[in-house]
Amino acid sequence: MDMKRDYFEDVQLCTSGTVVFWLAVLLAGLAVFPFLARNYYVYMANYLAINVIVVIGLNILVGYTGQVSLGHAGFFAIGAYGTVVLMTRAHLPFPAALLLAALIAAAFGFLLGLPSLRLEGPYLAIATLGFGITITQVIGRLEFFGGRQGLHTPPLTIGPWRLESDRDFYCLLAPLTVFLCLAARNLIKTRVGRAFIAIRDAEIAAKTIGVNLLVYKTLAFAVSAFYAGIGGGLYAFVLRFIEPEIFTLLMSIMFLAMVVVGGLGSILGSIAGACLLAWMDLQLRNILSIPLLGPWLEQLSRNWFSITGVSNIQFIVFGLIMILIMLFEPLGIFGVWLRAKKYWKTWPF
Amino acid sequence: MLDFLQMLINGIAAGSTYALFGMAMVIIYKTSEVPNFAQGEMALIATYVAYLMLEQYGLPAWIAYPLALVFAALLGAVLEFAVLRRAKAPSVLGMIIVTIGMEMILMGLVSWKFGAEQKAMPFPISPYDSLVIGDFFISTLEVITLAVALTVMGVLFAFFRFTRLGLAMKATQQNPIAARIMGIRTRRVHMATWGLSALVGASAGLLMAPVLMQPYMMWDPMLKGFAAAVLGGMTSLPGAVFGAYLLGIIENLFGGYVSIEFKSVVAFAVIVLMLCFKPSGLFARHYVRKV
Numbered sequence: 000m001d002m003k004r005d006y007f008e009d010v011q012l013c014t015s016g017t018v019v020f021w022l023a024v025l026l027a028g029l030a031v032f033p034f035l036a037r038n039y040y041v042y043m044a045n046y047l048a049i050n051v052i053v054v055i056g057l058n059i060l061v062g063y064t065g066q067v068s069l070g071h072a073g074f075f076a077i078g079a080y081g082t083v084v085l086m087t088r089a090h091l092p093f094p095a096a097l098l099l100a101a102l103i104a105a106a107f108g109f110l111l112g113l114p115s116l117r118l119e120g121p122y123l124a125i126a127t128l129g130f131g132i133t134i135t136q137v138i139g140r141l142e143f144f145g146g147r148q149g150l151h152t153p154p155l156t157i158g159p160w161r162l163e164s165d166r167d168f169y170c171l172l173a174p175l176t177v178f179l180c181l182a183a184r185n186l187i188k189t190r191v192g193r194a195f196i197a198i199r200d201a202e203i204a205a206k207t208i209g210v211n212l213l214v215y216k217t218l219a220f221a222v223s224a225f226y227a228g229i230g231g232g233l234y235a236f237v238l239r240f241i242e243p244e245i246f247t248l249l250m251s252i253m254f255l256a257m258v259v260v261g262g263l264g265s266i267l268g269s270i271a272g273a274c275l276l277a278w279m280d281l282q283l284r285n286i287l288s289i290p291l292l293g294p295w296l297e298q299l300s301r302n303w304f305s306i307t308g309v310s311n312i313q314f315i316v317f318g319l320i321m322i323l324i325m326l327f328e329p330l331g332i333f334g335v336w337l338r339a340k341k342y343w344k345t346w347p348f
Numbered sequence: 000m001l002d003f004l005q006m007l008i009n010g011i012a013a014g015s016t017y018a019l020f021g022m023a024m025v026i027i028y029k030t031s032e033v034p035n036f037a038q039g040e041m042a043l044i045a046t047y048v049a050y051l052m053l054e055q056y057g058l059p060a061w062i063a064y065p066l067a068l069v070f071a072a073l074l075g076a077v078l079e080f081a082v083l084r085r086a087k088a089p090s091v092l093g094m095i096i097v098t099i100g101m102e103m104i105l106m107g108l109v110s111w112k113f114g115a116e117q118k119a120m121p122f123p124i125s126p127y128d129s130l131v132i133g134d135f136f137i138s139t140l141e142v143i144t145l146a147v148a149l150t151v152m153g154v155l156f157a158f159f160r161f162t163r164l165g166l167a168m169k170a171t172q173q174n175p176i177a178a179r180i181m182g183i184r185t186r187r188v189h190m191a192t193w194g195l196s197a198l199v200g201a202s203a204g205l206l207m208a209p210v211l212m213q214p215y216m217m218w219d220p221m222l223k224g225f226a227a228a229v230l231g232g233m234t235s236l237p238g239a240v241f242g243a244y245l246l247g248i249i250e251n252l253f254g255g256y257v258s259i260e261f262k263s264v265v266a267f268a269v270i271v272l273m274l275c276f277k278p279s280g281l282f283a284r285h286y287v288r289k290v
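Going line by line, the protein sequences match chains A and B. Per numbering that gives the first Met the number 0, the very first residue in the first sequence carries number 0; after that it's consecutive. Per numbering that gives the first Met the number 0, the very first residue in the second sequence carries number 0; after that it's consecutive.
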């Protein structure tokens, strides 16, 4: 793309006045959004924001460091249960509990990172997958974590500030999401981020030029798990109720799909992918009420399929998106964006 | 002691299903290095096709079951032709995403068509019949599954060693370019591989169906089969079978002696621990890809 002439050009956040302008518009839009939108849309924004946090974390691992993870629902569950249990049993305030739970998730990420030093491809996939399933099942069967009944979240207070509605929670979540996006973006531009990318591109070459694989691979897992833990802790308060059935393998797969659909190795892509798929997830849950498409699908289901299984269309849609993106645009939405940009830059030619 | 032997028998019975799925995954991974997450759902569709033929069209079992197997083989070949072959730059992550995408589509289609409720599969042998050998019980269906698993293993071994197609598959795996130069149509070989693998997987699905039949039934055995294949080194058929029986036995012994609650989890915990020490499985030589 654009040529970088010195180091500071590479690390600066805003490369031109246009970027500054649109960034300001975006931030202003996010700031006034809760006062203009209806309550359901604020809830939706919260849901999207949490997906964005987790997917950015996962992209640091999958897109930048090149390690597959099919177990992020496990870290997500650790974050959610950790936050709630630390608040109800240890009576910690919410920020401390959230941070501590995310650090616990990061510690588990570090542990899972250790075998990753020797595993690759399908071996790593099955190891992370097994980890995710094990964590969820163990949490789900221990009475300490509420067992199958799940846990209700305690009322949320930060100092004197009580967060009751979705709108209040948005005011906490939106700045946090923006902060975590910037943090991830800056992390990638540092020495650590460049080490991650070196590991992705050629592991042995990276080792040869002095990247310590032990440190950086486990660090990538830990950072990624930290993001998932933060996301999980916040998700518990969006739902206000958590049970083990939420944190399934399907959730890990959805996170990975968001990363791939958005674009591997791109923070903006992660935001786009997470927003798109999470939004579709919410919309497709009541697919029959979509205008035009809904009645037609209902007719189709009555004649050829069954009306009770109609909600499963969402799996077909997600599967199709995953396959088509992987086959035709391996860089995802970000790749489409890059090509469109290049096309318009040199437009008449 | 009696308990122990009975658990061992149960473990071997459970291991047979895992072994079939594990072998199905190994066949594909051996030739194309694709970890096929859609394996279980390909078997699921074949099972529901058999169900449709038996219930809706009233075909006799001896026609319906072979037809379902043929359908599975065709489905596998078509999926390879329509989806996998179109991938531009196949990477392991990309292939995982593509096969998971196929898995979701197939699962969505089945549960859209049939709903999520439990179905009763008509099967010539009742799953509640059992054989009594000495003091031990084993259900007839499990004996059949065991026999099928061992037969499939033997047939596959012979297939890979003595037939032209089997040798072509091995050659394609070892060096695709050299295989092409020697006149092997590697893309057709890949297609045949997927057909064969779907066939093996579908036989496991059909044998599971009399006990449990609903759209989510394949996840657990498929993942255990995958785990077993990884345990055996992902490229070795006897390794996958050994891994499957090992997992089945560990699972049942753990369920009997330690905790029945965590029985289905222990297989994955074993896998994670084992991979820490033998990163390429028990039966494969560890090799590191060069830069």
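Keep in mind that the hints were calculated from the coordinates and are not lab data. Please read these numbers as outputs of a predicted model, since none were measured by experiment. Certain hints may be false.
As the list claims (entries may be wrong) - From the structure, some residues in chain A lie toward chain B, with a derived Cβ separation under 10 Å:
#, residue
1, Arg117
2, Thr127
3, Ile245
4, Leu249
5, Met250
6, Asn285
7, Trp303
8, Ile306
9, Met321
To be verified - Taking lysine-lysine pairs in the BS3-like style, the calculated list, with each CA pair at most 30 Å apart, reads:
#, chain 1, residue 1, chain 2, residue 2
10, B, Lys169, B, Lys277
11, B, Lys262, A, Lys340
12, B, Lys277, A, Lys206
13, B, Lys87, A, Lys344
14, B, Lys29, B, Lys87
15, B, Lys29, A, Lys341
16, A, Lys3, A, Lys340
Positions of the beta carbon are idealized from the N, C-alpha and C atoms, including for glycine.
Margin query: Checking each numbered hint in turn, tell me which of them this model violates, lowest number first.
Written below: 3, 5, 6, 11 and 15
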